Structures are given as structure tokens and as C-alpha cells.
Amino acid sequence: MATTIKIDPVTRIEGHLKIEVTVETVNNVQQVIDAKSSGTMFRGFEKILLNRNPLDAPHITQRICGVCPISHGMASSKTLEEAFGAVPPANGRILRNLVLGSNFIQSHILHFYHLAALDYINTKGILDMAPWSSRYITPDMVSGELAGVLVGHYVKALEMRRKAHQMGAIFGAKLPCAPTLVPGGCTETVTSAKISDFRKLLTDAEQILDFINTVYIPDVEALAGLFPQYLQIGRGCGNLLAYGVFDLDSNGGTKLLAQGRYTDNMLQNLDVASITEDVAHSWYSSPSGLNPGKGLTDAAYGKAGAYSWIKAPRYDGKAHEVGPLARMWINGDYRNGISVIDRLAARAWETKKVADAMVGWLNELIVGGSTFSYKRTPSSATGIGLTEAPRGALGHWVDITNSRISRYQVITPTAWNCSPMDDSGQNGPVEQALIGTPVADLLQPIEVLRVIHSFDPCLACSVHLVRPDNKKVETVIEVSSAR
Amino acid sequence: FSARAQSIIAIGTCATFGGIPAANPKPTSALSVDGALASLGRTATVINIPGCPAHPDWFVGTVVNLLAGYAVALDGFKRPKLYFGKKIHDTGNCPFKGANEVHNLGEQGCLKEIGCKGPRTYADCYSRKWNNPGQGQAGVNWCIAARTPCHGCTQPDFPDGMTPFYDLHDMQES
Ligand code: SF4
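Heads up: the sequence lines are chains Z and F, in that order. Each residue of the first sequence is one higher than the one before, counting from 128 in this note's numbering. Each residue of the second sequence is one higher than the one before, counting from 1273 in this note's numbering.
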């Protein structure tokens, strides 16, 4: 007999995600045999951008997500740079990398301590107070002294995120949503005082780099040691994809984290022309299988067979996982495996790689040098802007007609990861990762949450209204027995 | 919402005025908290803390004032006057008032000519600034000091009344 578990909404993520898993005992192991991932909110940013001045797009798209606004600002600026023929001067490129790097550090620390870690800690008797109180208490959870230490780090991590935001604001003006990011570079200037303020937050004792090296990485390694079974859980499709990020030269030919894909166990080059979005199981009436350069977003809630506001992006028709593990794998920095723990570990090591690189970038800045190169908005043009958000590959596509936006499409990392089935019936990466996951206690499906959280889903960005009939405001585990 | 709630505090420009989700062509018919309450026929005291994002001080300060029993004076858009009582461009506020008016984005000075919305925007970012290092300290930066015009993000007509954000008609290509 199969049991259906609905988690709606999944909490400790950004946005509205519903997960439905069917659990059955196969070969004496109670496990997930089917999974459905649904984005339950539609926002329509692509429609809002139509007919606007293209220069407004980097600022409007940053509002897609308060956690990774800088990635949207970057993708949008790069898209317009391609359309305008603008190339940022070295200073401008580096300033944007520094603001984006600050946002990566902030988001990765947020993910581990504030979203994922509580799946592994029994806080009973330590902090019986929201948001620390464990909703599920399972026998494998860390308790006692170590749990107390980790909860202490949860609080410390809040301070580190504040500092990462402060760092980003030095060149971004404010965070979240930095107004200095523009096509052609950055409007902020380089002074030795700004460089020194930035460096202090990054490298002084007990500041950000110290925290990454002496708290974050050791905590992730400790957890990895305590939960080795999660090196075998949550593999998913096994295909990885990265657009690459942190340009190290003016044309973006070299990047700190390279572009590429790992498909069918082989490293391969990436060609954006091979990206399509299926909508057979998504609430859209626009045609299926379109490349985002020709993409359309026409909502059709209630469409037969559909169960999500997320489209299903595919490369050569295949599902691909995106995120820190994909980037670190493709770049050759981390190839231990693909699993729940590998995702947490690759994310932590990537935080260090980016923070270390930022120290070097500060040295490359030229005080007083130009940070911005202006090109006028053409009357008609197209552009593609590829970058990475902390949680994976992010692309923006624009068409400009009569100097106005005539098409704007965004494919977010969570669309890749949390996508529903495609037209051929192939599940999305998170769905595939859930299938086969053992579930010990039907009333406390913690294993399911650990798999979902390892991807760092952000639904705010991947579906671009909460249904008025969707009254649930906290995690509700509906356990209903199907046949 | 609880009938015992003394006031409802809406945080951020989406919750207070609709913001970007409610921008034209309003694809989801998104409403502000005030608008949603009205559409449900409910009445409640709403305090609006706009901003995209809202400054944490604006929210915490309002809550502390309420907890301490002080009346929080509101403007016509239900914003606490304490934080939204003056325009950025008012005399004594923006430090660039009266400075040279620049015509290029990325130059320091008064940004009026390139589309600054400070003359229409009520907020105290010029002194509070953003991403404060600690209690009582000013933030590390703010939009106009970073050479980018105010986008008017605390106003009820953000973004439609504030776009295009830039007016670069005089700017030379580089
Ligand atoms: S920069 Fe903006 S707010 Fe400041 S004086 Fe000029 S127009 Fe007014």
C-alpha cells in the first residue's frame, strides 16, 4: 500500500514550494517511489518588463529575489551589454564581482545555518523557541553539546550575513537590491578607503574569511562525518550544468568558475541554443519546447495534467542539476560524488574559493580608475546574459524593439532543479533525487526535507499570487493513505 | 488576522503599496495589505513601512515606539512621519543639493538631470544610509552617494511613476 505525503509549503526555503511524495515499501525498505515538485506561486515578471526602457530591467529584475538580487542584476546587465555592445572597464567588472561575491557568501551561509542545519539538530532542551525548535525530532539528529554549539553558530552566522551585506553595499550602495549595477559596469567609484573597509570585513580576525575557515567548513565536515548515509541519498539525475561566473577578463572567456556541463558522466561544452523549456506539466498555455530566446509566458492555471508554475528547462532534452556542486564539479574543484552531503560540502568549499578570490580582486582595483562605460540603447537588438546565482545557473534573454523591451525571459536555477516532468515524462532533478529516498517515519519525513533543502531551492525566483484558496500558512504535513 | 492586533504593520513596497508585483500590466492583480483588507471588507489600523527593501531601522523603530506606548504619527500614506516626514531633496537633507548638476551616470554631484527621484521621495536614507554596522551607526552607503539616482522606492507610485529610472539624453558614449 502506498502513502502520499504532501508538504505544503516546504518551509526554510525562499518562496512557495509544495512537494508530494508517494512512499511504499520496496525490497523491505520504506522509500519514496514517486515525487512531484510544484511551484505554487506565479508572479509574471516577464510580463511586467514588457514595453519598458531596457535600462530599468536590472533594477526591476533584482526584485525577483531578495536573497540573490545581485545575480539578477548581473544577468540583466550582461544581457543588455550584449544587446548594446557595451564592455565594462576592468574596475567595473571587478566591482561587480566583489558585490556578487559578497552576495554569494551571504546566501551560502544563510543556506547552511538558517535553512538546512536545523534538519540535523535536535534543539529540544537547548532552545525551545521558534525558529529553533525542531518540528521533527528523529533519533539520528545531533543533540546535546554539539547541538548547542551549532545553534550558537546559527546566531553568529546572522552577524556574518550582516557583514557580507555591508561589504556588498560598499560598492553596491545598498543590499539587497544594489542600484549601482548597470550595463557597462558599476556607477560606484574606487577609493582606497572603500578598498580598506571592504578588506577589513573580509580578512580581519574573526571576520568573514575567518568564519568560513574556522566555523562554516568545520561544521559542514562534522555533519558529513555524522551523516555518512547521506552520501548515498539524493543523487538525482546525475547531470550537472553551469553557465560559469566571476569573469576574470573583459570578454568573460576566463571565469573563476567555468562554464560547462557534465552529461551522461562526461564533461562537455555548453551551447545555449540547446536549452528548451517544456510546459506539458506546467500551468502555461504557451507552446512547449521553446528556446528561451523565443520563450513565452502565458499563464493557464488549472490546465489538465499540469501541477506547477515552474516550467521544465532541459538541455538536449535532459534534466540537469545546477548549483554549487555543479559549478565546483565542472571546474574540477570538487568531484567526491553527487548526494545530499556533497551538495552541502561543495557549497561550503565554494564559499571559501570565492572569498579567497575576492581578496585578490581587491588588489587589482585601480583607485580613481573608470568603472563604467556607457553605450546608448539601440533601437533594436537581442541579448543573452548568463551568470550564476548562489543556487545555480541563471540566464536572462531580452529582445529590444523601438528601444523598448519586447521580450524578456528568465530561467532561474530553481526552475532547473525543481522543475516538474517534461513533455517526455522525465522528472525534474529534485523529483529524481527524492525517488528512492528511504523514509523511516511517515509522520516525520525528515529525509525528504534533507534532500529538498540540499538543493537550496528558491521559489521566489523560479516562478515568476498565492491562490486565494490556499489558506495554509505553516508547514502542514498531510498524510493521506492512497491505495 | 487576530482581532486583538492593535495595528498591522506592512513592510516593504509590495506589502504597502503593491510595488513591482502590482506594476503594469498587473499580471497577478497583486494588492497591498491595505488594498487586500479593503477588498475583503475588513478594517484595521495599518502602518506602512515602504522601501524596496524597507530599512530595518524603520520597522524596529516603529515597533519599539509602539511597545513603549508612544503614538506613531503617520502621513497620508500611513507611513511613520518619524522616518518618512521629509523629502530626500529637502534643504538640509541630500548633501548634493546645490552641487554641480551632473549629466552622466557614474559622476558625483546632484543627479537631478539624469532622473533623480529625490525631489518626490519621502525617506531618511540621506542620513540613515544602508547596511548599518551596528546600533545607532549610520550605514555604509546610499544610492545617491554611490552616483546612481534615487529610484523613489518608498513612494506609492514605485515603480510605474518612477520609470524610466534614468534620463541619459545628454550622456556621451564612452
Ligand atoms: S541628487 Fe537628487 S535628491 Fe540630491 S539634490 Fe540632486 S535631485 Fe535632489
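One thing to keep in mind: the hints can contain errors.
To spell it out: a stretch of chain F is covered by chain Z in this simulated footprint if at least three of its residues, at any positions, have a beta carbon under 8 Å from a beta carbon of chain Z; those stretches are [unchecked claim]: (1) 1405 to 1417; (2) 1433 to 1446.
Here are the computed lysine-lysine pairs in the BS3-like style, where the Cα-Cα straight-line distance is at most 30 Å [said to hold, decoys possible]: (3) F:K1401 to Z:K421; (4) Z:K445 to Z:K430; (5) F:K1369 to F:K1384; (6) F:K1358 to Z:K145; (7) Z:K445 to Z:K421; (8) Z:K174 to Z:K163; (9) Z:K145 to Z:K174; (10) F:K1298 to Z:K174; (11) F:K1369 to F:K1353; (12) Z:K445 to Z:K174; (13) F:K1384 to Z:K502; (14) F:K1359 to Z:K327; (15) Z:K382 to Z:K430; (16) Z:K174 to F:K1369; (17) Z:K163 to Z:K145; (18) Z:K163 to Z:K430; (19) F:K1401 to F:K1359; (20) F:K1401 to F:K1353; (21) F:K1298 to F:K1369; (22) F:K1298 to Z:K430; (23) Z:K174 to Z:K321; (24) Z:K382 to Z:K251; (25) Z:K502 to F:K1369; (26) F:K1401 to F:K1358; (27) F:K1353 to Z:K283; (28) Z:K145 to Z:K251; (29) Z:K421 to Z:K502; (30) Z:K163 to Z:K502; (31) F:K1359 to F:K1369; (32) Z:K321 to Z:K283; (33) F:K1358 to F:K1384; (34) F:K1298 to Z:K321; (35) F:K1359 to F:K1384; (36) F:K1369 to F:K1401; (37) F:K1369 to Z:K321; (38) F:K1359 to Z:K321.
Simulated from the structure, these hints should not be mistaken for laboratory data. Remember, predicted model here, so these are calculated numbers, not experimental data. C-beta atoms are modelled at their ideal positions from N, C-alpha and C, and glycine is treated no differently.
Taking the numbered hints from earlier one at a time, note which ones the structure violates and give those numbers from smallest to largest.
3, 6, 14, 15, 16, 21, 23, 24, 27, 30, 34
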